[in-house]
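Taken in order, these protein sequences are the chains called D, B and U. Per my numbering, the very first residue in the first sequence carries number 1; after that it's consecutive. Per my numbering, the very first residue in the second sequence carries number 1001; after that it's consecutive. Per my numbering, the very first residue in the third sequence carries number 2001; after that it's consecutive.
Careful, some of the hints might be misleading.
Unchecked claim - The calculated lysine-lysine pairs, modelled on DSS-like cross-linking and capped at a C-alpha distance of 25 Å, are:
hint: 1; chain 1: D; residue 1: K48; chain 2: B; residue 2: K1347
hint: 2; chain 1: D; residue 1: K48; chain 2: B; residue 2: K1463
hint: 3; chain 1: B; residue 1: K1210; chain 2: U; residue 2: K2044
hint: 4; chain 1: B; residue 1: K1347; chain 2: B; residue 2: K1127
hint: 5; chain 1: B; residue 1: K1321; chain 2: U; residue 2: K2100
Stated by the list, open to error - Simulated restraints on C-beta separations:
hint: 6; chain 1: U; residue 1: P2252; chain 2: D; residue 2: Q196; range: 36 to 46 Å
hint: 7; chain 1: D; residue 1: F100; chain 2: U; residue 2: F2026; range: 18 to 28 Å
hint: 8; chain 1: U; residue 1: N2193; chain 2: D; residue 2: I65; range: 46 to 56 Å
hint: 9; chain 1: D; residue 1: L216; chain 2: B; residue 2: A1095; range: 51 to 61 Å
hint: 10; chain 1: D; residue 1: P167; chain 2: B; residue 2: P1209; range: 51 to 61 Å
hint: 11; chain 1: B; residue 1: K1194; chain 2: U; residue 2: R2040; range: 37 to 47 Å
hint: 12; chain 1: U; residue 1: R2185; chain 2: D; residue 2: I67; range: 51 to 61 Å
hint: 13; chain 1: U; residue 1: Q2055; chain 2: B; residue 2: Q1317; range: 20 to 30 Å
hint: 14; chain 1: D; residue 1: Q59; chain 2: U; residue 2: P2252; range: 40 to 50 Å
hint: 15; chain 1: D; residue 1: I67; chain 2: U; residue 2: Q2055; range: 50 to 60 Å
hint: 16; chain 1: U; residue 1: R2185; chain 2: D; residue 2: L78; range: 49 to 59 Å
hint: 17; chain 1: U; residue 1: L2115; chain 2: B; residue 2: K1038; range: 17 to 27 Å
hint: 18; chain 1: D; residue 1: I282; chain 2: U; residue 2: W2184; range: 54 to 64 Å
To be clear, the hints were calculated from the coordinates, so they are not data collected in a lab. We treat Cβ as the ideally placed atom computed from N, Cα and C, and that holds for glycine.
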Amino acid sequence: MAAPTNVHAGDGIDPGVFKYLLVAPAVVILLALGIFPLLYAVVVSFQKISLSSQVTDFQGLLNYIRILHDQRFWGAVLHTTIITVVALPIQLGLGLLLAFHFLDDRPLKRIFVALLIIPTVISPLVAGSMWRLMLDDRYGPINQMVGWVMGERMSILWTIQVGLAYPAIVICDVWQWTPFMFIILLAALSNVDQQQLDAAAIDGAGRWQSFRNVILPAIWPVMAIALLIRALDLVRLFDVVWQLTRGGPGSATETISIYAYIRGFQEFDTSYVGAIVVVLIIVLSVLLVTALKRMEIAR
Amino acid sequence: MRAKMMLSMLGAAALMHAGGLAASAEENAATKAVEAAKAYSGVTLNTAEEAGLLAMLGININGPEWEKLTGIKVHVNEIPFEELFTKQMLEHKAASGAYDVMLVGPSWVADFARAGALEPLDAYIDKYGVKAEFDDIAPAFKDWMTYDGKTYGLVVDGDVHLLYYRKDIFEDPTNMAEFKAKYGYDLGPPQTWKAFGEVCQFITDKMAPKTYGAGLINTGYMHFFFSERLRTYGGKFFDADTMKATVNGPEAVQALTDMVDQLKCQPPGVQTWGFGESLSALNSGEIAMTITWPPVARWAQGINADEQALSWVPESQVIDKIGYALPPGGHPELASGFIVSVSSDSKNKDAAYLYIQWLHSKQESLKNVMRPLGLRDPFRISHYESPEFQNLWPGAKAYLATLKTGGEQGYADLAILETYKYWDSMARAVTSAIGGKDPKTALDELATEWDSITAQVGLDEQKAAYAAWAAKPSAYRQ
Amino acid sequence: MNRRSPVVRGIGWYATSAAIVVVFLFPVYWMFAVSLKTPREIFKYPPAWYPATPQFNNFYVLFRDGDVWTIWNSFVIASVSTIIAMVLGVMAAYSIVRFKTGGENLALWILSQRLLPPIAVVFPIFLIYAWLGLTDTYVGLILLYTAFALPYVIWLMRGYIQDVPVELEESAMVDGATRWQVIWRIVFPVARNGIFATAVFAFIFSWNEFLFALVLTRTQVLTFPVQVSQYFGAQSTFWAKISAMSVLGTLPVFFAVAAFQRYLVRGITLGAVKG
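Excised from the complex, chain D in its bound form (with noise of 0.2 Å):
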């Protein structure tokens, strides 16, 4: 499309500073609330500042070299990785095999996908809240089936023991975000040409073999952008295991999100936060590059 060349505001404004007036307020706010706040950090992880102490001396690296030698920041990157590694393909797959089944042209199927969409739209500290309900020793519901299952009182500890903490947040995630997924890879596949599909189905592709030689290529931007958008979603990951585990037991189930938090704002740390959302925001860049690259998203 041709942008008309006549760029004439009215009111006696000239053209040229018309089109960043239009621009400047919201860009002066997301400096001033992205930008500026990312600098100040930089700043305050080179002092020496806490709850204890407002001294502003600087201090050099100390900071950063705290994080080298810090068990549990490394712990947290370690369990976001482990939750985002596996929560991130559950829900890929899950999604894939919703799509395929709603993608019949059928009555009511859109009052299904409607109902399908809740758990996406609600708040994930709901959700969270939610599970915490479901996965109650004694009072929720899960253990009780658990149990008919197994023919006696099942008591499974979710939110406390190690190993359970992380099928408890991980079902959550994956309740509230394979539809999601779903309802994404569901438009993608709508519109894969049907004729395609069945030029495949005569060379007497397989199943999987037009899945793969088809169909994933033509949903791949698409399915790209989703995966994308739940890897940024789940390495900052907070409300969710909050609201299961608090970070516990112990610190087992803390991700960067909430150790930067209990450090940031129970503990009042503040530059050696400041140093950690530094490190933060280095990491991730790097890593969004990478992966924009890798997937060659076409914007």
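Please build the complex by placing chains B and U on the supplied structure of chain D, with the hints as guidance.
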């Protein structure tokens, strides 16, 4: 509607009561506070309180009553226990004056006072206070109110952990005979943690799943419970010479190992229990012992059970069946407890002071420590000796006597610099052991964390603070 | 491919679909059910699967104790920030689309703002807010949520504005309309549905947001997610309040999504999928 009526009746009763006292020769801190506070009618006080039951007292009872008496509104701000210290400290750093009245745990007084967050109260006490009422405070709790020679707060809550046990089960002749035959000593409230495990197992073997031997608190406040066990086993927090953490010493490991082992004789899922769950289980007759805070006695007895805010607690099935004893080892943790203070950033310091004087006064505090709601516990000699309280239920006299001894014998909470960081770290170590981590590993990690906290705070400064704290007889009770 | 009869397949399809929906909606049902139970029923073992006599006392308590103010706070903060973000966002998007302002770089930079992890931003913002006295104020949260919503709005509106035929604008300008008038008289009405849908999603993001609110509110402007999180305490877990407040906080979102379901895919993929 009914709640409203009850409130206004309460208010009227308080007025009549106050009037009666004023006529007598004795000065009354509550009446004095109310009279002086009328000058500030229309002001709103923001109070910081622990979220949940504690805050309900301010929201449902004290706040409305104070407003009725003085025209001063009370706005209660609920803060979860884990964030009480930092949030209030932060408001001070921001000089926001967000809270006029602060809720301060004894372990935090030093940090707050050094930061200048608390208004010294001595001048206000001279102006409005009643000296005689100060002599009435039990020494263990009076100790909390001062730092460096100045008064920074008034006690409103004297916490002592108690062991609650089911008298009917412990005094059952068959049980007594069988227990004696099996273990060679008399069945009774356990004196040691080893005995605790044995009694617990004995009852569980016999009566579960109807009743289990014990149901302890396992989520929330875990540093209190472990601090108590650690010291009962002979462990210490630090090496006084080097300030290295000794929380992974053999005593500590044994204490934590036993703590985890003893989960086995407790109901399935006890690992998820907090204060409320333990209380519910005691009330419904599901457990024969627990160790918890003093209000539980009133609750299990069904005192004020008709109050709406208490409706979530199951009705007590164990009225008159509960006995009171000191926890194993005989040195209960004086777990937290609270003083209330005036924020140095408050814009209504006089009104704020008068409100806390009223809460702390002999007359008002007695009412508060008698009800379960609000979790306020006796801290005055006159509470222990109050005929009204002693006759509140048949066991009340024994309860008050146990509380009094507990206060005299109890372990003070660790109170050094930035104590909250050590607490948080300890609580995480304990919950990870409960969640299945090897106790020794958990405690080794704890010791490492403590050492790095000490290094951050400043080793020499912390060493001095620890020496001052450890010199108190209540620190280790040799 | 499939040898079974279409009828059997149809029944199978509906049965499977229904089962899937039941599995995914059961937790939501459970939350509603708990909110209508009496305290005694909530703490019943084994748990009751439906309230014997549904009652609204759990909700009444929230009104009585003033907890519902947090819903109002959420509403004010989410609506005002959404309105501001929409106005500024549409302006910026228009400029980016029609004048190619800032080229690709500006658009990408704006998108990158959306990808920042909140924890990284909120920490320094907290320090700055404390310094400016903006913590625990409507203004503080509204500003932050506006900034949070802006990249999303701009990115989505870019797509919707591209869909507005340039010819319409040109003919209006030939008739003497100024650019400013074109934006409000042509673009707004034509892209109306897209604008509403975008606004609804921006609203939901702000409404559901937890971490910023947790950090930046104390007492005055608590939003409902923060309130819910506070019912999990060391003393006890207040299931009745948790469920009732969660229900109150979820209902508006249900209505919003029911109304704008058609735009959902485009909304949640930042416009990458037109749906």
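With 49 to 59 Å as the target window, see if R2185 of chain U and L78 of chain D comply at their CB atoms. 56 Å, holds
Just to be sure I understand the hint, the distance between the Cβ atoms of L2115 of chain U and K1038 of chain B should be within 17 to 27 Å; is that true here? 58 Å, violated
Restraint status (C-alpha distance of K48 of chain D to K1463 of chain B at most 25 Å): 22 Å, holds
For the range 36 to 46 Å, tell me whether the beta carbons of P2252 of chain U and Q196 of chain D fit it or not. Given a distance of about 42 Å, which is inside 36 to 46 Å, the answer is holds.
Could you see if the CB distance from F100 of chain D to F2026 of chain U stays within 18 to 28 Å? At 23 Å between Cβs, range holds.
Using the beta carbons of Q59 of chain D and P2252 of chain U, state whether their distance is inside 40 to 50 Å or not. 48 Å, holds
Does the Cβ distance between P167 of chain D and P1209 of chain B fall inside 51 to 61 Å? 26 Å, violated
Checking one constraint from the list: CA of K1321 of chain B to CA of K2100 of chain U, max 25 Å. Satisfied? 80 Å, violated
Cβ separation of I67 of chain D and Q2055 of chain U, checked against the hinted range 50 to 60 Å: Because 52 Å falls inside the window, the suggested range holds.
Check whether the Cα positions of K1210 of chain B and K2044 of chain U lie no farther apart than 25 Å. OK: K1210 of chain B and K2044 of chain U at ~15 Å, within 25 Å.
Could you check the hint for me, namely that I282 of chain D and W2184 of chain U are 54 to 64 Å apart, CB to CB? 42 Å, violated
Between L216 of chain D and A1095 of chain B, does the beta-carbon spacing fit 51 to 61 Å? Since the Cβ atoms of L216 of chain D and A1095 of chain B sit about 60 Å apart, the hinted range of 51 to 61 Å holds.
Consistency with the previously given hints fails for numbers 1, 5, 10, 17 and 18, ordered from lowest to highest.
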